[in-house]
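S.K.: Sequence:
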Amino acid sequence: MQEPDAQDLPWQLHLGRVHVEEKPTLVGLYRDATGSEPGRLVAWVVALPEGGAVLLPVDGPDKRPVLTTLRGIRRRWARALGAKLVRVTGREALHLAA
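In terms of my numbering, the sequence shown opens at residue 1 and continues consecutively.
No incorrect hints appear here.
Taking lysine-lysine and the DSS-like style, the derived pairs with C-alpha atoms no more than 27 Å apart in a straight line are:
1. 23 / 84
2. 23 / 63
3. 84 / 63
Simulated from the structure, these hints should not be mistaken for lab results.
Please work from the sequences and hints to get the whole structure.
M.R.: Quick look at the structure:
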């Protein structure tokens, strides 16, 4: 397999496949509509096996990933962001479709 050049990424990734016992789950933190502001996704959450989690804020002054736990997401981050944990549905990102 030929190694992709930097200009090919991320739209032309050559992805392999691997089987794991438990894969991460992607969920979101959703803030309900209030007044004139519509409801929106405020952060992505990658739920890792054994209770770990990565919080990926969507916008704001600090959009850096935060390594935490699912318990921390439920107790601290959901409250701090005024959001609730939800399943996210929709189309797969086209640039990563295999």
